[in-house]
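Student: Required output: the full structure, derived from the provided sequences and hints.
Chains as they are written, first to last, in the numbering used here: chain A, 37 to 543; chain B, 1215 to 1851; chain C, 3 to 104; chain D, 76 to 244; chain E, 167 to 670.
Worth flagging that the hints you see were computed from the coordinates, not collected in a lab. Note that the structure is a prediction, hence the values are computed from the model and not measured. Every residue gets a Cβ at the ideal spot worked out from N, C-alpha and C, and that includes glycine. There may be inaccurate statements among the hints.
Claimed, not checked - To give an idea of the interface, some chain C residues facing chain B are shown, with a C-beta separation under 8 Å as derived from the structure:
| # | residue |
| --- | --- |
| 1 | Val26 |
| 2 | Leu27 |
| 3 | Lys30 |
| 4 | Val85 |
| 5 | Val96 |
| 6 | Asp97 |
| 7 | Asp100 |
| 8 | Gly101 |
| 9 | Lys103 |
| 10 | Asn104 |
What the hints assert, rightly or not - DSS-like, lysine-lysine: derived pairs with alpha carbons at most 25 Å apart:
| # | chain 1 | residue 1 | chain 2 | residue 2 |
| --- | --- | --- | --- | --- |
| 11 | C | Lys103 | C | Lys90 |
| 12 | D | Lys161 | C | Lys30 |
| 13 | E | Lys637 | A | Lys151 |
| 14 | C | Lys103 | C | Lys30 |
Unchecked claim - For each label pair, taking beta carbons as the anchor points, the in silico distance ranges come out as:
| # | chain 1 | residue 1 | chain 2 | residue 2 | range |
| --- | --- | --- | --- | --- | --- |
| 15 | E | Leu651 | B | Gly1836 | 37 to 45 Å |
| 16 | E | Phe231 | D | Ala77 | 55 to 63 Å |
| 17 | A | Ala528 | B | Pro1490 | 44 to 52 Å |
| 18 | C | Arg89 | D | Val196 | 47 to 55 Å |
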Amino acid sequence: MSNLPFDPLLVSIVAPLALALAIALGLPKRWSVLLAYVAFAIPALMALHVWWYFGDALKDHGYAFLTHYSTGLEAYGIRLTLGLNGIALPLFVLAGLVGLAAGLYAIQSGAERLKLYLMLLLVMQGGLMGVFASVDVFFFYFFHELALIPTFIMVGIWGGRDRSYAAMKLTIYLTLGAMLSLLGLIALYVKSGATSFDLISLRQTLTAQPIAATVQNNIFALLMFGFGILVSLWPLHTWAPLGYGAAPSANAMLHAGVLKKFGLYGLIQVALPLLPEGFLHWSGPLAWLAVIGNVLIVGFITMAQRDLKQLVGYSSVMHMGYAFLGIAAGSTLGLGGVVLLMVAHGLSVALLFLLSTSIYHRTHTFSMDAMGGLAQKTPVLAAFFVAATLASIGLPGFANFWGELTIFVALWQFSPLITALAVAGVVISAVYGLRAAASVFFGQPTEALAGVTAQHPPSDLRWSEKIPALVLLAALLFIGFWPKSISTSLHAALAENARPVQQTAAK
Amino acid sequence: MWRRSSFPPMTMLQHAILALILPLASATIIALFLRRAGGIAAAVSVLAATALAVIAVILALHDDRFEASFEWLRLGDFSLSLGIKFDDLAALMLVIVGVVGLCVHVFSLGYMHDDAAKARFFGGLSIFMFSMLGIVFADNLFMMFIFWELVGFSSYVLINHWHERQSAADASKKAFIVNRVGDFGFLLGIIACYYAFGTVNLTELAAKVDGGAVVAASIPLLLFCGAVGKSAQLPLQVWLPDAMEGPTPVSALIHAATMVAAGIYMLCRINVLMVPEALTVIMWVGTATALYAALCAIVQSDIKKVLAYSTLSQLGYMVAAFGLGALATHHDHGGTTHEMLMAAGVGAAMFHLTTHAFFKALMFLGSGSVIHGCHHEQDIFKMGGLRRKMPLTFWTFTIGVAAIIGIPGLAGFFSKDAILYLAMTKSTPVFAVLAFTAVLTAFYMVRLWKITFFGTPRSDSAGHAHEGGLTLTLPLVVLAVLALVGGYTAFYPQVFTGVFELIPEAHESAHTIILITSLAVTAIGAFSAWMLYQPTSTDTLAQKSPNLFNGLVALRNSFDAAYDYYVAKIQQRFAILLNFLEQIFLAGLIIRGFSGVVGLFGMGARALHVGRLNVYLYWFFGGVVVLWLFAAGVIHP
Amino acid sequence: MITPTLDTYLVLSGVLFAIGFFGVLLRKNTIVVFMGLELMLVASTLGLVAFSRFNGTMDGNVFVFFILTVAAAEVAVGLAIIVALFRKRQTIQVDELDGLKN
Amino acid sequence: MATFLFNFLALLTVICAVGVVVSKNTVNAAMCFMLSLVGVAGLFVLLDAYLLAFVLLLVYAGAVAALFLFIVMLLDMQGGPRKPFKPLTVVAATVSAALLLVGVLMLHQNAALAAAPAENVPGASLKDYAYQLFSTYLLPVQIIGFLLLISMLGVIVLSKKFEDAEISP
Amino acid sequence: MNLEAVKVAAESNIWSAILPELALGCLAVLLLVFEMLLPRKQHSHISTISILGQIAILVLVCVQFDLPPGKTDPFSGLLHQTATSQAMRVFFLLASIFVSMIARVSLARQRLPRIEFYHIVLVASAAMMLLAQANHFLLLFVALETLTIGLYILVSYFRTNSLTLEAGLKYLVMGALSSSLLLFGIVLLYGVAGNPALPGHASNSMHFGELANFLAQNPRNFLAGAGIVLVLSGIAFKIGAFPFQIWIPDVYQGAPTPVTAFLAVSSKAAGFAILLVLANTVFVSYGWLVHPVLTLMAAATLIFGNLAALTQHNVKRLIGLSGVSHAGFLLLGVVAVPRVPGATGAVIFYLFAYLIASFAVFGVMAHVAGDNDTDQELDHYAGLARQNPFLATVLAVALGSLAGIPPLAGFMGKLFIFVSAFKAGMYGLLMIAIVSVVISIYYYFGWIRAAFFETWTPSDGAVNPPPTRSKVSGLAHVGLAALALCSILFGFYQGPLGAWLLAR
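Tutor: Pasting the structure below:
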């Protein structure tokens, strides 16, 4: 049993935010950097702590570490309720780890206006920890938005090509998604007649008194498309590659790695158990959109990319398709697969973004046509990149495999045809993944690259890059080899979440 | 028959687990600590391989056959286990992998001695051993799939060993992707199987099928897709010749002896699921592959490519053998004659797999020795006269050739006979094709043998060829011995009876027919090749019959051409088209257009502020009018 | 002849209001516009007085006091602005005063 | 008599009001405005609001209209060339005139009010105003005081020429 | 009127009930006294006195926040004091304080008299505080006119600038027109409600309570309806609701920055304070009329404000048009009030959040503006984050709050409004509101972009270097930081304040 004298969840949220505030109020740069190590380490340590003690701390309603804090909005049923269930736990840990990696990378990145950079990243980190620690639906949304704001500014200031347009497009899209889902959440709250935004009581209320089917359909549509935009559901995804292409690496790591999972998490944790009728009504369209749009069309589009970061961005969109498919399957297995995939994809895509930036620092370009043969100069970087690529295309031994496998298995029950199409996507991802690795690292360098490397001889991966990369890779392998580290807690919680759907479907 | 034990003695299980973990540990240690210490890495890897071989033999010789598993993942009703099913089949495969693996490891010590990335190479070998053992041990299809993918990964890493060569990079990519295509079906098959039977555990599956569960033909066929990819059957055979870009020991171990045979092993594992329709398909795919690859092999000039196509052809043999299926046999038991079905396909396929592993690994290592001796020259027309320069290599290679073309008494002779007998019994057309393939096999093998080893050296590198050190020659000798004796089932300890008793044996008249056929095809093929080819620097067939030669070349290239056409002209263009549509249509026209329209409205709204007071006053007036109409009830909201 | 009923007073007040409004809309001279506005205020006072008389309540009449005061103050301030503007721009035609737009 | 007076005064008021709107000369407009106010004051008398009539004349006709005239003279506006109306202006003016007419007619059509004057005459005596203003409506009176104060200050601020030295730092 | 009645009326004039307003008036006069008494060099302290005095009054209001029971209708029912009106008192006082603080910055760059400015602000604020408590159309009109005339003067205060005077004239004419409309509406209501021919006619028919009774008994009276829409159009002018919003950008641009703030926050809030009372108590039986009118107004206001702001590059016009869309959001809440308990609290919370964020923005604007107060372009913000990170941060926080992004107060305001609107079943309007939020992101973040991203290229024609910025004084630092922090704090912690508000 956890025996910390404080609430680990609250601390992991507050620590980064507090440092961000301190930096905003004028903390000197040296201290900012030093304390940033601490502030990024705390959430990661807390995350590992709660992961370790989760089983012992589990209490009623399937939540552990449940605590309430009043913020004066009881009249609206809003209360800062922190806690973790089996679904939130892995994502909480994910947020901690990716945050640590991104933080370490950012601190060492030597970015211009480093203090502002760190401050924004810390805000993001605090928000991310909050998203998955919140039991209260309102705060769940709230923390997401909190983590979202820095993205805009970071893309705008430190972004790459097209940063201004990208920042604006990203922001508008994400705001649209957020607003739609907010409307959905409000609708859910109001129509449920619950007196609290608290997920536990919402669930109790709705189990006793479900919302009418047509209303459920409408609310689910709001949530599906709202969250869908946030998770880049085709065809509402075009912000993602553009934004990730432009975003600075630490930001892209946190956004694509963790923040994006908000939408899926919301669907699993909120929409699905509370709106079973709506889910069953929409699962078909969702699955088809995901498989044709995200997996196949975006898969093919990914093949056509020649810009490394765009490619990673598109591949991330594609993999979100699998996650949607898992949700559409609606069973414990499918949802479990989604959570596994979320965690795995979060780690792997963060790793890929980190490494693409590292590649950029050595080649001064993201264009894969102008690369090649880099592995001769930077074997370790190549090894990491290949590992990350293979992880993301679902090689066993990495966490992603479990996610994809379980989703496929679950999907078969939903529709064998869709399963076949989805599995075909695995081939597509192998094509672009390996092609990318090959054109960056293998063969002979292009003349352009040779010119660049002659001027700036590329060093292999430095420790400042290696350590964050190792954190991510180790986590990927750890889960890959021991999936039960996640699935045990998931199993019980998901059975709870999937039950309303199964009961409704059975009717 | 193996004995099923629910409480296996822990020691044997521990041995098995140890066997699985050893190479993994070796790979991990190399990856983490020995990246720059190639020598130590090699030593660690070889030690692991040695230990593994020893354990393999101990496990096989020990009479214990057991099953054990533990749950790896559970979500909802779905549970995935990591388990070991150690029966005779697994034991046989384990020993093959262990012994050939050890030979190749030792060979690599010499072959890769000066390589800059020795650590990566040996790390890759260790990973491969780990993955391959996983397949061998797997007690369920999901686990098999996992290791299936992992052998693909290690194959990718090892083919890509010399990654600065564009061709190696391409070949590794191709191998992985083509395998993925096969795995696409394999995975679907596993999932379908899971839902059809509620389990993918091999033993439980067997129990269910024996209990009368109906098997849809789609399931075995989907599962067969995996074998098509991994064992390089038509139409996914294209990756294997290209995979020769990897170091030769890799070709010997992975792309000849073990990994590519995993497809056959897998088929044998799921033999219970095979329904006649599926078997027919499998049989014809195997037969076609055997013939096609043999035809292609004739026009190769790269020593390894010849061997690669030969491997393809032999794999086709095995698949065809498996596809031929069961054989009705008569047993005398206590005076009464029982007719029972014997899984002869499994026996024949596995038997040929075993012998093939020995002689093909032998030949590959031989070719490696040749290549090493000739300073990495691989074109047989630039060799010649190596008989004298590298006598040991020559003699061992000769044993390999003899074994594969089916000289009586050598390993290949027995296994090929078993297959031909089975084919004759079950399907005449297949028998005809396989027999013709055997002619071709003898033909191209003798061609290779003659051009490489006879005549005079046709290049400087061949002129300065020399025999390698002990690490290079010792494995050749060991494998040569195995190729000599591997065909005698009596040579094997009694522990593999579970497999060997399934080997079909011709009796009486059939025996004679097969013997004659076998000898005839070998003789025809070998003789015509010996007569046709001269050890010169050009291909005699190309000179004498250019049409035939070019036709065969075109046949060989047809698949690659088709795939290249698909990839470059269809797939890539489709991708670019979709990308274009997305950029221009979705992100451009629709989204930018929409925002543009909103912006225009914005400009319009802004332009309404004309700055003139009396215009603004009209706004007020309009507002009042509308509100007035509301009040008067003229406008009903 | 129209008999002076409450209705006629109301209509008269309305007519005055309308004329004032029309003047505000039509005229470009700021001072005349301002007169129109004052007419509208006067129309309201007329209405108030009439209602007050016919309804028999006093509040309307009292209100007129306040309205007159407010109107006077408004005129004073308004004319001050107009004068200051004229000093700057040499015009008080509303269609020439479009320095602020878009 | 009362009817005649009413009609006369109403007509005067309306015609003068129209005169304000249509007269080309600003001075004339101001004069019309004054006359119109006189008419309204007369109507106030008819409505027994003698005090208000008086105040109206005093404040409006006396002060406000005079102020208008004064400003018109000051700015010397009347000689300015008149621009012809643009077609759009004419259309808009016509339409708005029509709409205003409709509005007034609707007022006439829909008004269903008691026609007879009340028996008691509110505001007949000056004392009543005093009572009201200094008891019930004392607060508004106070506010009006402040209103006048700020408008006075405002006019000063807007009109007076300040020397630099007069401006507070 | 007999003496007895006079005595009763006089006794109900409980001056202590309007102590804050009186104090403000006295403070205003005191400023003038100081101007005369103090030597010229000391005049700069007068603004400080004004601010400190207002803070003292604010403390007074807060201390006396809870109303004495039974004495909520002083001055013969001219006033009606409720918790809402108390909150609005605090609101207007706060606004007045911040306007004074901004005025210190802006006036410092002009060669103009200053004391009068503070004086008028104080009087106008007192008028608004009374307005919020008004329970009688006469008082409402008088207070409103006091505010309006004060604003006429304030808008044209920088009379050295011809554009400012033009804005003054425009505001004057349109303000006077809307006052006339309002007044005529009052006349109609007064006349109808007091008419003996109609059932339930009232003797004191300008009193809200009696009027409400009358309206309840005559729910389809044309004249009453006409009066109501005229009153509504008068108020719509104040809050800047479509189509009475058209004056906003021009006047906001021309007006001095503190006055723009005053218009944008106080004047708008005054309109809403009246609207809350009228639409939801007095006119409630005319819901058939008021409800659709306000709903359509809200929709049109939201759409128009956001669209027009989209391509705007003058920040004063931009903030004005964005303010129009805020009026739309607030109208959403107002429409919901009669049907949803707690919606009033939502509107008030929104107003407070809007106040906090707006004044932070205006504070920054006042510092960035040059000598020409009407010329404030987005381009002038280029590089602000580098040169003055404090102002840039405050600006970003405030704009984020206006845009309604968590964790800022503006988001909570929108959330409460949305919840109320959803409970009231206004789904169509909500969709419009959602789209509006998304559109508004574009221009708010465009502003942030101008301040933060250095690659911002000046739009065509803007070749002039940005004006020199004012130095941020200590008081301004404190004020702006407090505003920014409050924006953040109220975004996630409302505490007892939230509990209080949402109980309305």
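Student: Decide, hint by hint, whether the structure agrees.
Tutor: Going down the list of hints, with the structure as the test:
| no. | hint | verdict |
| --- | --- | --- |
| 1 | Val26 | 6 Å, holds |
| 2 | Leu27 | 5 Å, holds |
| 3 | Lys30 | 6 Å, holds |
| 4 | Val85 | 17 Å, violated |
| 5 | Val96 | 4 Å, holds |
| 6 | Asp97 | 5 Å, holds |
| 7 | Asp100 | 3 Å, holds |
| 8 | Gly101 | 7 Å, holds |
| 9 | Lys103 | 3 Å, holds |
| 10 | Asn104 | 6 Å, holds |
| 11 | C:Lys103 - C:Lys90 | 18 Å, holds |
| 12 | D:Lys161 - C:Lys30 | 12 Å, holds |
| 13 | E:Lys637 - A:Lys151 | 24 Å, holds |
| 14 | C:Lys103 - C:Lys30 | 18 Å, holds |
| 15 | E:Leu651 - B:Gly1836: 37 to 45 Å | 44 Å, holds |
| 16 | E:Phe231 - D:Ala77: 55 to 63 Å | 56 Å, holds |
| 17 | A:Ala528 - B:Pro1490: 44 to 52 Å | 45 Å, holds |
| 18 | C:Arg89 - D:Val196: 47 to 55 Å | 49 Å, holds |
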